[in-house]
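Chemist: Same order as they appear, the protein sequences are chains A and B.
With our numbering as the guide, the letters of the first sequence map in order to residues 1 to 113.
With our numbering as the guide, the letters of the second sequence map in order to residues 1 to 828.
Hints listed in this document are in silico derivations from the structure and should not be mistaken for laboratory results.
Idealized CB from N, CA, C, for every residue including glycine.
Keep in mind that the hints are not guaranteed to be accurate.
Partner residues aside, some chain A positions facing chain B, computed with beta carbon under 10 Å [said to hold, decoys possible]: (1) Glu5; (2) Gly21; (3) Val25; (4) Gly29; (5) Lys49; (6) His52; (7) Glu55; (8) Asp65; (9) Pro100; (10) Val103; (11) Gly111.
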Amino acid sequence: MKTEEYQWIEAAPVEEFPSNGGAAVLIKGEQIAIFHFSNENRWFATQNKCPHKAEMVIARGLTGDSDGHPKVVCPLHKRSFSLENGKCFSDKEYQLKTYPVKVENGMVYIGFE
Amino acid sequence: MKKIILIGNGMTGFKFCEKFVASSLRHEYELLVFGEEKHPAYDRVHLSSYYTGTQADDLYLAPSNWYLENKIHLRTNEKIVQIDRESKSVLSEQGKSYAYDILVLATGSSAFVPPINGLNKKGVFVYRTLSDIDEIKKYVPHAKKAAIIGGGLLGLEAAKAVLDDGLQTSIIEFAPRLMPRQLDDRAAEILKTTLQELDLEILLNKSTEKIIGSDKIEALQFTDGSNLKTDLLIISAGIKPRDELAKSAGLEIHPRGGILVNSRMETADPSIFAIGECVVVHEMVWGLVAPCYEMAEVLIDNLQNGSSEFLGFDLSSKLKLIGTDVASFGDAMVKDENTKTIIYENKASGIYKRLNITKDCKYLLGGILVGESEEFNLLKQVVNNKMPLPANPEDFILGARGGDSSAGIGVADLPGSAIICSCENISKENIEMAIEMDEAQTVPLIKKCTKAGTGCGGCIPMLDDILTHYLKSQGLEVRKTICEHFDYTRQELYDIIKVNEIKTFDELLKQYGKGSGCETCKPLIASLLASIWNDLIVKQDTIQDTNDRFLANIQQGGVYSVVPRVPGGEITPDKLILIGQVAKKYDLYTKITGGQRVDLFGARVDQLPIIWEELIAGGFESGHAYGKSLRTVKSCVGSTWCRFGMHDSVSFAIEIENRYKGLRSPHKLKGGVSGCVRECAEARSKDFGIIATEKGWNLFVCGNGGANPRHADLLASDLSKELVIKYLDRFLMYYIKTAEPLTRTSKWLSNLEGGLKYLQDVVINDCLSIGDKLETEMDQVLSHYKCEWTEVVKSPELRKKFRQFVNTDQKDESIKFVSLRDQKMPAK
Numbered sequence: 001m002k003t004e005e006y007q008w009i010e011a012a013p014v015e016e017f018p019s020n021g022g023a024a025v026l027i028k029g030e031q032i033a034i035f036h037f038s039n040e041n042r043w044f045a046t047q048n049k050c051p052h053k054a055e056m057v058i059a060r061g062l063t064g065d066s067d068g069h070p071k072v073v074c075p076l077h078k079r080s081f082s083l084e085n086g087k088c089f090s091d092k093e094y095q096l097k098t099y100p101v102k103v104e105n106g107m108v109y110i111g112f113e
Numbered sequence: 001m002k003k004i005i006l007i008g009n010g011m012t013g014f015k016f017c018e019k020f021v022a023s024s025l026r027h028e029y030e031l032l033v034f035g036e037e038k039h040p041a042y043d044r045v046h047l048s049s050y051y052t053g054t055q056a057d058d059l060y061l062a063p064s065n066w067y068l069e070n071k072i073h074l075r076t077n078e079k080i081v082q083i084d085r086e087s088k089s090v091l092s093e094q095g096k097s098y099a100y101d102i103l104v105l106a107t108g109s110s111a112f113v114p115p116i117n118g119l120n121k122k123g124v125f126v127y128r129t130l131s132d133i134d135e136i137k138k139y140v141p142h143a144k145k146a147a148i149i150g151g152g153l154l155g156l157e158a159a160k161a162v163l164d165d166g167l168q169t170s171i172i173e174f175a176p177r178l179m180p181r182q183l184d185d186r187a188a189e190i191l192k193t194t195l196q197e198l199d200l201e202i203l204l205n206k207s208t209e210k211i212i213g214s215d216k217i218e219a220l221q222f223t224d225g226s227n228l229k230t231d232l233l234i235i236s237a238g239i240k241p242r243d244e245l246a247k248s249a250g251l252e253i254h255p256r257g258g259i260l261v262n263s264r265m266e267t268a269d270p271s272i273f274a275i276g277e278c279v280v281v282h283e284m285v286w287g288l289v290a291p292c293y294e295m296a297e298v299l300i301d302n303l304q305n306g307s308s309e310f311l312g313f314d315l316s317s318k319l320k321l322i323g324t325d326v327a328s329f330g331d332a333m334v335k336d337e338n339t340k341t342i343i344y345e346n347k348a349s350g351i352y353k354r355l356n357i358t359k360d361c362k363y364l365l366g367g368i369l370v371g372e373s374e375e376f377n378l379l380k381q382v383v384n385n386k387m388p389l390p391a392n393p394e395d396f397i398l399g400a401r402g403g404d405s406s407a408g409i410g411v412a413d414l415p416g417s418a419i420i421c422s423c424e425n426i427s428k429e430n431i432e433m434a435i436e437m438d439e440a441q442t443v444p445l446i447k448k449c450t451k452a453g454t455g456c457g458g459c460i461p462m463l464d465d466i467l468t469h470y471l472k473s474q475g476l477e478v479r480k481t482i483c484e485h486f487d488y489t490r491q492e493l494y495d496i497i498k499v500n501e502i503k504t505f506d507e508l509l510k511q512y513g514k515g516s517g518c519e520t521c522k523p524l525i526a527s528l529l530a531s532i533w534n535d536l537i538v539k540q541d542t543i544q545d546t547n548d549r550f551l552a553n554i555q556q557g558g559v560y561s562v563v564p565r566v567p568g569g570e571i572t573p574d575k576l577i578l579i580g581q582v583a584k585k586y587d588l589y590t591k592i593t594g595g596q597r598v599d600l601f602g603a604r605v606d607q608l609p610i611i612w613e614e615l616i617a618g619g620f621e622s623g624h625a626y627g628k629s630l631r632t633v634k635s636c637v638g639s640t641w642c643r644f645g646m647h648d649s650v651s652f653a654i655e656i657e658n659r660y661k662g663l664r665s666p667h668k669l670k671g672g673v674s675g676c677v678r679e680c681a682e683a684r685s686k687d688f689g690i691i692a693t694e695k696g697w698n699l700f701v702c703g704n705g706g707a708n709p710r711h712a713d714l715l716a717s718d719l720s721k722e723l724v725i726k727y728l729d730r731f732l733m734y735y736i737k738t739a740e741p742l743t744r745t746s747k748w749l750s751n752l753e754g755g756l757k758y759l760q761d762v763v764i765n766d767c768l769s770i771g772d773k774l775e776t777e778m779d780q781v782l783s784h785y786k787c788e789w790t791e792v793v794k795s796p797e798l799r800k801k802f803r804q805f806v807n808t809d810q811k812d813e814s815i816k817f818v819s820l821r822d823q824k825m826p827a828k
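Can you build the whole structure from these sequences, using the hints too?
Modeler: Here it is, written out as structure tokens:
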């Protein structure tokens with residue numbers, strides 16, 4: 001990840017996020033879903049809007065992995081998305097925007113281009 | 001080196017390239033390919049996915065460098081305008097000339113546009129290429145209302161795309177029914193009803209005369225004099241072979257269009273061949289991808305001095321249309337004195353199934369499936385392999401009653417030569433070879449090994465069946481393990497959790513699983529943990545399905561509904577008033593449910609704790625409408641008021657509901673108690689139903705409403721209340737311990753070996769000697785009951801889980817409502 005290309009914006013302290021799950025933040029009017037895989041200490045961020053029906057629910061989806069690739073499943077109609085590139089596993093027409101995440105001194109940051 | 005020129009880089013053209021690379025031709029010939037679109041060949045079958053946001057290059061059949069790597073010269077954006085058969089060369093629009101030894105035409109087809117006045121107005125489109133979609137997408141923001149001319153496959157696809165984009169959409173069909181080529185009248189009528197329920201307007205028997213509007217489209221005028229206002233029109237009325245190039249070169253064209261070739265794909269010119277949708281062979285244009293692929297394969301073989309022939313092709317098709325399945329196979333609409341038909345129609349559920357069989361009832365000729373099409377693959381095989389029919393062919397569409405499924409014919413009965421994957425032409429034998437020789441013992445491995453299932457994917461369930469059958473025949477165990485993270489069945493996990501006293505998902509995953517879990521194992525294990533320990537589920541909130549995670553049912557727009565428990569449906573005026581006050585205060589849409597309680601819709605996730613705080617203060621508790629757990633025990637008025645009532649059904653229903661409230665199970669549980677045989681509580685449509693008799697109560701089990709209604713069976717009669725509860729404890733606990741995930745009691749019973757008789761043996765005669773144990777376990781689980789919402793409301797830590805955003809108290813402004821009959825509803 002080329003960190004210098006991003007503008008890093010503070011999301012929330014680490015303890016605000018559930019372990020092995022997600023929560024939404026609002027940054028500059030944009031809703032972003034942040035996921036903490038505490039079992040392997042990895043973080044991911046995507047748009048909170050599900051591209052299928054445009055509802056702001058992705059952060060509330062179940063997380064997990066498919067063949068070792070981290071994913072989130074929309075709670076409304078169960079479409080699953082890769083957290084690595086935002087691609088939908090089941091319907092290739094759908095795509096989530098992803099954001100880089102970093103954690104420094106207990107604070108979670110989201111990178112904007 | 002000699003030269004092959006291929007005109008056309010569509011799906012058929014690409015298949016030709018693919019087969020060329022795999023053949024010996026590549027040592028003798030150079031291949032030069034022309035495409036008039038700017039994109040290299042893409043998957044036109046999934047064009048609609050481009051509409052909904054897939055990137056164009058994700059639809060490419062191969063990346064641009066694939067051609068280079070395989071020494072194919074691809075020239076996109078270059079249209080060939082002339083063929084000179086004497087000098088054996090072609091001329092491009094850019095004025096360049098290229099010589100060939102062999103010329104292959106795969107020019108495809110274009111959208112058929114009927115002659116209508118005013119086609120040149122703005123807002124009129126066809127639905128055929130990526131750039132058509134680009135144009136439509138650009139125009140959609142200027143439109144409110146869309147019309148689609150053509151009620152066939154493509155037209156319905158286009159309608160779905162614009163409907164999903166929020167346009168009010170009408171479909172106009174010239175024929176008296178939808179999908180006239182695939183469906184008969186009754187099937188089309190069912191489909192029409194389903195589509196109308198989705199707010200699609202369907203206009204049949206309409207011929208469009210004129211497009212009205214000054215410079216952009218404003219309305220359509222039909223030949224019957226009526227009009228339809230619209231801002232956007234998509235014409236999708238069929239295809240027209242692109243034969244103009246062949247025609248100008250003097251090749252023979254079919255009177256109704258299409259380049260004439262023989263079954264070897266040869267034109268009259270020995271150097272020129274044609275394949276795909278641009279040709280007419282066996283007197284027809286083949287507008288599906290599978291037969292066109294077959295033509296490419298035939299031609300490649302013949303160019304290598306083979307003797308292949310295109311002999312026609314199975315035109316069976318199955319589609320997931322807007323909200324429903326539609327499939328037709330074999331001879332779908334045949335009706336003459338040599339055939340008989342079997343028809344099943346259920347207008348209420350939108351299901352229509354038709355089988356055409358020979359007069360002697362020996363063979364299946366074809367049929368139609370609307371609404372449900374699980375049987376499609378098997379039925380197609382029965383037709384294609386001319387398999388003799390069993391004695392009761394109606395079992396194919398009705399489901400076998402009391403015996404084996406699928407009318408006794410399964411994958412085992414298919415001949416080895418049966419083509420399972422028609423996209424890639426893979427037979428049952430090929431698949432069995434891969435399983436046996438290459439140890440491809442999972443479906444993904446079979447796909448990788450044989451390419452079966454990599455096209456449309458329709459055959460994947462059959463791959464699974466073939467694999468299961470093979471493993472069984474080898475004496476290998478077929479265990480329904482739950483997912484890639486746990487190599488155990490649900491029942492095994494139940495025992496593991498119980499014996500090892502495991503209390504959390506993380507612990508179980510660490511000791512018995514791998515990876516991070518998924519949407520299958522997390523809720524399943526959450527349910528097991530709750531069934532066994534009955535701990536507060538929100539403590540492990542992120543392994544719960546969304547409804548359980550937020551203790552409320554997620555609805556349109558991502559808002560939730562709130563359902564307080566009203567045991568037996570009995571409620572005081574004060575409590576009713578409180579529900580009304582809360583609904584009014586938080587502006588919630590209010591509806592009476594089928595389970596005799598009140599549902600409050602439209603609460604944001606952050607409002608849930610405050611709403612519940614007020615309800616709980618007024619004496620309510622969670623109704624568990626969100627859980628795979630006991631929902632309601634419905635009751636009739638009973639003997640306290642009803643002049644026919646034999647016993648007090650309300651008191652008993654309240655007692656039962658309070659006993660089992662909060663009990664987590666493989667699927668939801670519903671109960672009912674009726675005070676006499678009139679059965680006003682509809683208890684026999686529930687998982688358990690109790691009906692008063694002169695001598696006591698009859699206990700019925702495993703009924704179901706919903707999509708697959710089933711009347712409950714009588715488990716035991718004339719019981720005392722105590723015995724009802726004893727048997728219910730045993731029945732429910734046995735179900736919880738043994739059912740597959742997400743299996744309602746009715747399906748569980750129909751899969752239970754020995755059926756009702758065996759269940760009676762277990763519950764009443766205690767044939768397994770587990771009766772006491774089941775009762776004790778039930779007592780233990782129920783003793784841990786706590787109202788989940790009461791716990792959340794009093795814990796600041798748990799309340800924090802219901803924040804909308806973890807970095808601000810701002811509210812989600814994307815949630816919008818409109819008003820309907822004096823209440824709010826989600827805005828679309």
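Chemist: Hint by hint, say whether it matches the structure.
Modeler: We went through each hint and held it up to the structure:
Contact between A:Glu5 and chain B, as hinted, is not supported at the beta carbon level, the nearest pair being about 22 Å apart and thus beyond 10 Å. Because the closest C-beta pair between A:Gly21 and chain B is about 3 Å apart, less than 10 Å, the hint holds. With a least beta-carbon distance of about 4 Å to chain B, the hint placing A:Val25 at the interface is held under the 10 Å criterion. A cut of 10 Å between beta carbons decides the hint on A:Gly29: the least distance to chain B is about 9 Å, and the hint holds.
The interface hint given for A:Lys49 is met, as the beta carbon of that residue sits about 8 Å from the closest beta carbon of chain B, less than 10 Å. Because the beta carbon of A:His52 sits about 8 Å from the nearest beta carbon in chain B, less than 10 Å, this interface hint is met. A least Cβ separation of about 4 Å between A:Glu55 and chain B falls short of the 10 Å threshold, and the interface hint therefore holds. Look at A:Asp65: its Cβ gets to within about 4 Å of chain B, closer than 10 Å, so that hint holds up.
Interface restraint check: A:Pro100 against chain B, minimum CB-CB distance 17 Å, threshold 10 Å, status violated. Interface restraint check: A:Val103 against chain B, minimum CB-CB distance 14 Å, threshold 10 Å, status violated. With a least beta-carbon distance of about 16 Å to chain B, the hint placing A:Gly111 at the interface is violated under the 10 Å criterion.
The structure fails hints 1, 9, 10, 11 (numbered hints given earlier, in ascending order).
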